[in-house]
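Got chain A sorted already, so can you dock chain B onto it with the hints?
There are 2 protein chains.
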Amino acid sequence: MKKSIGARTLVYPTPVFVVGTYDEKGKPNAMTAAWGGICCSSPPCVSVSLRKATYTYHNLIERREFTISIPSEGHVAEADYFGITSGRDVDKFKETGLTPVRSERVNAPYVKEFPLVLDCQLIYHKEIGLHTQFVGEILDVRMDEDCLTDGDPNIELVKPIFYSPDNSSYYAKGKCLGRAFQLGKGMKKR
Amino acid sequence: MKKSIGARTLVYPTPVFVVGTYDEKGKPNAMTAAWGGICCSSPPCVSVSLRKATYTYHNLIERREFTISIPSEGHVAEADYFGITSGRDVDKFKETGLTPVRSERVNAPYVKEFPLVLDCQLIYHKEIGLHTQFVGEILDVRMDEDCLTDGDPNIELVKPIFYSPDNSSYYAKGKCLGRAFQLGKGMKKR
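Protein sequences, first through last, are from chains A and B. To convert a position in the first sequence, counted from 1, into my numbering, add 22. To convert a position in the second sequence, counted from 1, into my numbering, add 22.
Just chain A, with the same shape it has in the complex:
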């Protein structure tokens, strides 16, 4: 039996996207956001929603280029810190000891210590309500070499995390349940 728990932003999982931008003076900033995801395969695009009150919102409107760095298990505290402080008040990289690196592809910094980075160019943004959705074309994806196996990304080495909005907690990846486009084949009519 299903019970109504009211209109709320609850899905599992949500990602932990760390959005990298430069401010007007060129100071690197990083901000954690859970409202986002891939939104188109061709061109490859990703969306991330931000409140107008954030420092990153204004950086993004101005610069129109950003990165998304994906943290692994070992940096969950730093990723959380990026979400609870503002670049207006602090230098988040300095405070965490993490390293901002200018992307080779876009005019935006990424987090060196995080294993996966998307280089993005803003193609449009749309004000929905409290949040504005930014959609960026993914111009390149870069991964730590030690997270690749025979040149391919290896999720077991990346150790990605996800966010659960119901209890405001982070979770690790669990066991593999099987291959997509395969598991369901058993149900196809004989």
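Worth flagging that the hints you see were computed from the coordinates, not collected in a lab. Source: prediction; values computed, not measured. Errors might be hidden in some of the hints.
[Unchecked claim] Using 20 Å as the maximum straight-line C-alpha spacing, the simulated SDA-like pairs for lysine to any residue come out as follows:
(1) B/Lys207 - A/Asp162
(2) B/Lys24 - A/Leu170
(3) A/Lys24 - B/Glu126
(4) B/Lys24 - A/Lys148
(5) B/Lys134 - B/Lys197
(6) B/Lys207 - A/Gly105
(7) A/Lys148 - A/Pro65
(8) B/Lys197 - A/Ala194
[Said to hold, decoys possible] With beta-carbon atoms standing in for the labels, derived distance ranges:
(9) A/Glu95 - B/Gly96: 21 to 27 Å
(10) B/Arg201 - A/Phe203: 18 to 24 Å
(11) A/Ser108 - B/Gly173: 29 to 35 Å
(12) B/Glu95 - A/Glu95: 16 to 22 Å
(13) B/Arg124 - A/Leu170: 22 to 28 Å
(14) A/Leu144 - B/Asn129: 34 to 40 Å
(15) B/Ser64 - A/Ser108: 18 to 24 Å
(16) A/Ser108 - B/Asn129: 38 to 44 Å
(17) A/Ser108 - B/Lys47: 50 to 56 Å
(18) B/Ser190 - A/Ser190: 29 to 35 Å
(19) A/Lys25 - B/Ala75: 47 to 53 Å
(20) B/Leu170 - A/Glu84: 40 to 46 Å
(21) A/Leu170 - B/Arg201: 27 to 33 Å
Positions of the beta carbon are idealized from the N, C-alpha and C atoms, including for glycine.
Showing chain B alone in chain A's frame:
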């Protein structure tokens, strides 16, 4: 050292959204999509991107109401099946033995056996490229009573899954890594 692996749709995690719609004759359909996520807190909104070639695309354009059912570990094969077949060709509910239930809130069916359901009303859609992004306001969220603890959602009981685009595989939830808005506090300047 980071290595370019090319522009591609790789983030961890992506969700497993099962989009429920009625077709023009009222036949319930369900389609699995991984390109989506929460996109606004107020009003609460969720986005999901679909190719024009899908049956659900046309149902959604026509009906403007949909549900998102979130499967748990035990139904990963059914969720995969919903993603590899078309409602044009088969009755997916009949084939899987799962039960379509008309939502009390919107004119769309949900999957009874999945623990979490979002009732959504389309507020706009945007053609990006191969995919069109649909943004829906979440009018209600309903959860299986046996996944609630003292009235609150309990992720340990929901047992949600996520999708990894790199190896096209499904994963279970892993261990809890800590609380958001808490873990990062240790890094705030004294």
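Verification of the hints:
1. Distance restraint check for B/Lys207 and A/Asp162: the Cα-Cα separation of roughly 33 Å exceeds the 20 Å cut-off, and the hinted pair is therefore not satisfied.
2. The hinted pair formed by B/Lys24 and A/Leu170 meets the criterion: a straight-line CA distance of about 10 Å does not exceed 20 Å.
3. Between A/Lys24 and B/Glu126 the alpha-carbon distance is near 11 Å, which keeps this suggested pair within the 20 Å criterion.
4. At roughly 32 Å between alpha-carbon atoms, B/Lys24 and A/Lys148 are farther apart than 20 Å, so this suggested pair is violated.
5. At roughly 27 Å between alpha-carbon atoms, B/Lys134 and B/Lys197 are farther apart than 20 Å, so this suggested pair is violated.
6. Simply put, B/Lys207 and A/Gly105 have alpha-carbon atoms about 10 Å apart, close enough for the 20 Å limit, and the pair holds.
7. With a CA separation close to 18 Å, the supplied pair A/Lys148 and A/Pro65 stays within the 20 Å bound.
8. Distance check on the hinted pair: B/Lys197 and A/Ala194 sit about 5 Å apart at the alpha-carbon level, within 20 Å; holds.
9. Between A/Glu95 and B/Gly96 the CB atoms are about 26 Å apart, so this pair conforms to the stated range of 21 to 27 Å.
10. Checked against the hint of 18 to 24 Å, the C-beta distance between B/Arg201 and A/Phe203 comes to roughly 36 Å, which is inconsistent with it.
11. For A/Ser108 and B/Gly173, the hinted distance range of 29 to 35 Å is satisfied, since their beta carbons lie about 34 Å from each other.
12. Between B/Glu95 and A/Glu95 the Cβ separation comes to about 21 Å, which falls inside the hinted range of 16 to 22 Å.
13. For B/Arg124 and A/Leu170, the hinted distance range of 22 to 28 Å is not satisfied, since their beta carbons lie about 47 Å from each other.
14. Separated by about 35 Å at the C-beta atoms, A/Leu144 and B/Asn129 satisfy the suggested range of 34 to 40 Å.
15. For B/Ser64 and A/Ser108, the hinted distance range of 18 to 24 Å is satisfied, since their beta carbons lie about 20 Å from each other.
16. The beta-carbon spacing between A/Ser108 and B/Asn129, approximately 42 Å, falls within the hinted interval of 38 to 44 Å.
17. Under the hint 50 to 56 Å, the C-beta atoms of A/Ser108 and B/Lys47, about 52 Å apart, fit the expected range.
18. The given range of 29 to 35 Å is respected by B/Ser190 and A/Ser190, whose C-beta atoms sit roughly 30 Å from each other.
19. Take A/Lys25 and B/Ala75: their Cβ atoms lie about 36 Å apart, and the range 47 to 53 Å is violated.
20. Taking 40 to 46 Å as the suggested C-beta distance range, the pair B/Leu170 and A/Glu84 conforms, at roughly 44 Å.
21. For the hinted restraint 27 to 33 Å between A/Leu170 and B/Arg201, the CB-CB distance of approximately 32 Å keeps it satisfied.
Of the hints listed earlier, those the structure fails to meet are numbers 1, 4, 5, 10, 13 and 19, in rising order.
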